[in-house]
Every structure is written in structure tokens, then in C-alpha cells.
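K.L.:
Input sequences plus hints: build the corresponding full structure.
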Amino acid sequence: MPSSHSTRRGDDLEAVAGNGLLDRRSLLRGGAAFAAAITGYVLSDSAAAQQLADDSWSAGAGRLLTDYEAPSPFEKNVARTLSNPKGETRTSHARTPHHLLNGTITPNGLHFIISHSGNPDIDPGKHRLVIHGLVQRPLVFTLDALMRYPMVSRMAFVECGGNGALLASKEPLNINVQALHGLVSCAEWTGVMLSTLLDEAGIDPKAKWVIAEGADSLAVSRSVPISKALDDAMIALYQNGERLMPGNGYPMRLLLPGWEGNMNIKYLRRLKLADAPAMSFYEARTYSQILPGGKAYQFYFLQEVKSFITHPSPGLKLSAPGLYEISGVAYSGNGRISKVMVSADGGKTWAPAALQEPVNPKAFTRFRAPWRWDGGPAILQSRAWDEAGNAQPTRAEMIARRGETTAVPNVLAFPTQHYNTLTSWGVERSGEVKHVHA
Amino acid sequence: MFTHSLQRATVVIALAVGPGAAFAQGPNLGKPISPADLAAWDISIMPDGSGLPPGSGTPAQGAPIYAQKCAACHGANGKGGINAALVGGQPLTTGIDTTKTVANFWPYPTTLFDFTRRAMPYPKPRTLTNDEVYALTAYILRLNNLIGESDVMNAATLPKVRMPNRDGFIVRFPDKMP
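Heads up: the sequence lines are chains A and B, in that order. FYI, in our numbering the residues of the first sequence are 1 to 438. FYI, in our numbering the residues of the second sequence are 1 to 178.
Because the hints were derived from the structure by calculation, they are not lab data. Not one of these hints is a red herring.
Below, a sample of chain B positions facing chain A; criterion: calculated Cβ distance under 10 Å:
#, residue
1, N28
2, I33
3, L38
4, A72
5, I82
6, Y108
7, T110
8, M120
9, P123
10, K124
11, R126
As the structure is a prediction and not an experimental result, all values here were calculated from the model. The beta carbon of each residue, even a glycine, is placed where N, CA and C say it ideally should be.
P.N.:
Here it is in C-alpha cells:
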């Protein structure tokens, strides 16, 4: 282990991989000296020079408190991007701005949404959940009734099966992390375990699937294996401590930790136990992936191990050579993240990143690695492993298994799904960061 | 003491409650729902045809309904518009980004009836009669040459329509399947 004489410039921090990647332990060891040596990003115009006189906000009392806090007016750029702002008769997407957030929890107002027909405003007093089919006692639940049940809280990411699909593009695109990976978010969900309700209804041994349906205008429906329903499925009622956001399924949604977002049926109103899957539109057609050769995957279910770097990333321009923290999120539908490696030379050499505790199963894990940018070109990548031993596939591995597009896709298109390969960010001499293939 | 150990046991159980805890005891507040009431809720249709309602329709009956209620989004004769084309489609060997269509991709004809009935027309879902849904299903299947011009679609005939890509699928994780 190298000695820990971090200087203010950080010049003697030990490089552990090519192009300036430093020992992850210097994050802890260097402490304040390391922090002082970190160079900032340029987000917008620099603030004016400091005045000796008080600024206006210090010279008198501030404004009135509000009954529900909104972010500082200086944070207006921290917002989701909307794919269908005029509400045309097609699907709408709101993407999480990962490059403007940190930590592991997505604030409720910034949680991603995919809505196939807008957000319904459901009266919670009139909403019902019906459980029927292959059960001994068909039952109907009010929300008031569910609120009396024993509840569980857990962290869980929810990710659209098509998130990151643009990585399948045969050429890199002019996009940032929000456009590429904005359809995954992570929250603490609280609700009633589905197993509790299924036990109350009495499961017929012939039941193999649970067909879930929402109260949105399309009555979106997906079939879920009963083993998942009895494992860790939840009727989620709260999101990060408050009731679900309308776009995330208010007043109740099915939460299937680690499984394809579309299966986590929002506005949940009906669960039918059956001996076969329904082959609904979204499982038989939409969330099936064409493979090289012309066959297609069906029932992919899992969101497999994945990571991406949020800092630096496109839109966060490096202001000057020096020390930076590379950080991002890693997650796996198979459980906990066990390891994240980062590269600054396009995958030639790798260094382990520090994993921020706690490392929760099927939830975001923040990773961090110190990096000294020498001002030259660099290609930043991260690669994650999960506790089940799965490795995030490299681009070459992914293309070998799943192919790549024949045409360069529109940036709002989903040329495939479940394409969990590495993301590469190219750092240019100017400090600009761009999506590249490596 | 017995009471003491019982309390400790309760504490241990409480600590052990986690996302994986199966069959936590609930207060049993679900209300029974009668078969008659369930009928209004249950719109599920299975690939074997169970759940298909009474009624019928032909391609010729579907054409004017399509023109009136579907063409605005899906284009004249199913050629596509702001939303997906319902006719044609390249072979899936064209590439992983081949547009999926009824003819080149959908494994089951029941999915077409189910999604039309539950979700269409987009601005006013669940306003079509069952006869209209059968007629539209017949019209779209006919546009794709999957049934004959005078074939009648109903609960008996629809599940028997053989879709070209019926056997084109691979289950990704067989161990996750029931």
C-alpha cells in the first residue's frame, strides 16, 4: 500500500490504471487534501467575484416557508426531459437527469415515467384491487383496507426494458446520460407484500402465473410467474416516504424488484391467477427482442447487471486538468453489486471503484473512483459485476450475442431492449465529454 | 419465563421481516366478490381463446369501422401513421431493429383481439362492441393475408388462426418460467 502523502495538488497519488486512474482508497485517505485538489466542472457561467458586502440573501430575512418545498430557483435545469410534451397519441417518456443528481435515491419529482396514455388522476377512495382466477376466495380490496396491512420498505430500482437501447446503435450518438439511461430510477418503496394478499385469497395449486392489469386507459397488462409474486413482489403504496407519484402508479402499483419496468404494473386494479401467461400486447409483441438470425427473446423478465458513469458525462465539461471523481450507478436485478471497475483508456486497463455503502440488492449502488485528468483525450468506462457472478458485457460481447442496429436510430427510438453493455464517454482536450463507442 | 421468551421471539421475528418474508399475516380485510361482479372486471383473454366473448365479424365488416375509428393513427389500410403500421413488415432476419408487425412478429391472434378491446381506439378505449372488435381483428388479419376474405372471426375460429411467427421465440431465462 502506498504512503498517503496527498499534497494539495494530488500529484503523488498513485496511479493504479492507465490514463490517470488513482487508487480508490485515496478517496478516504486523502480526505480534505484530496477534496481540495478536486477540480470542478463548468456547468454554466461562473459566479461573479465575491463581494465583501453581504449579498442580498444575507442582508435580511428570507422568504416565507412553503407547505411543500420546491428546489432552489437556481436548480431549474435539474429536470426530466419529455419525449412527447404536446401529448400526441403515442407513448410519453420523462427521463431522469442522472448527470445532475448524486447518491442513490431518485427524487420523486425526477423519477422516470413511461406512460402509454398519460397519467390518470385516480380517486383513491374509488380505486379497487381485485384478486381472482385460480384462488379459493376471490377478493376485492380498498386502499383503506390495504393501509391496515403490515408493510415493508425496501430500496429498488425500476428500469424500462428499453433503457440504454441506443447503445445498440452501430454508431455513437450525440446524447447524454439522461437520453441514454434516463429510464431507470431508484427509490425506497413501501407497501404490502403481494404474498400476504395471495395467501388471504388462497392460491389454487394449479396457478402458475399472475396476470396484472392497471386502471390506466389502456388497461396495461402483464403476466408474472407466481414464483416472483411470492418471492419479493409488493403492492407499493409509498415512494421515498410519500404516496406514489401519479406517473409512478398512484394510488398503488405492482413492484417486482429487479424485473422489467413495464411488468411493474401501475394503477394496479386486478390480479388474475392463471395456469398460463396471457400473451398480452406488451409481453407478446413489445418487450420481446429480435436476435441476429431472426428469432426473438420472450419473457426476458430480468434487468441484468449494469452500470454507467454519471460524472463526468456529456454536458459536464471538465474545466481544467487535475483531479476529478469518476462516479456513477451500478445495479442488478439478480441482487447486490459485488464489484465495479473503471477505465480511463477505453478498456485497456481497469481499476476498482469504491462502492458506497449500503450496497442494497436490486437497488442503485453509487461507485466512485479518483482520476487525474492530464488534459489529453480519455475514454471513461465502468463495468459492474453482481453477487450472482454475472459480469456486465463488454460491447464486443454484447454485439456477438445480440447484434447491433442496421441503421443509426432516432434518439427517441428503442431499436432493441435489455442491452446492458458498457457506456463509453470520450473526454476531449477541450474538456467536452461525448458518447463514443470503444 | 414463558412471557419473556415469547416477547423475545416476537422481537426476533420483527427483526427478520424483510422483503423476502412470505405470508406475513394480514388483517384479512379483502371482501368476497361474486362471480357476477367479477364478470365486469375480467377482460383477460388467453392464447387458447378462453375469455373470448360471444360475437363475430368479417373483414368486410371491419373495413368501414377501421376507416372511421383507426385510420387516423394507423393510416389508411393499416399502412401506418403516427402509430404502428398494422400490415406488412420485413423478415426478422433483416436486423435486430426490424419493425415488429402483426404479420412478421405477433405469435398469437388473441393478442390482437385483446389489445384492441382493452385499449383501442386510443382516445376512447372500450367503446367498441365485441362484434366490432371481431370485425376489426378479421380486417387486420385479412390485410396481412392471414385469413380468407370471407372468413368469420369468433371465439371458435380466432384462436385457430396460425400466426407465421408462432414458433419464432426463445425464452430468455427458462429457470424463471413456471
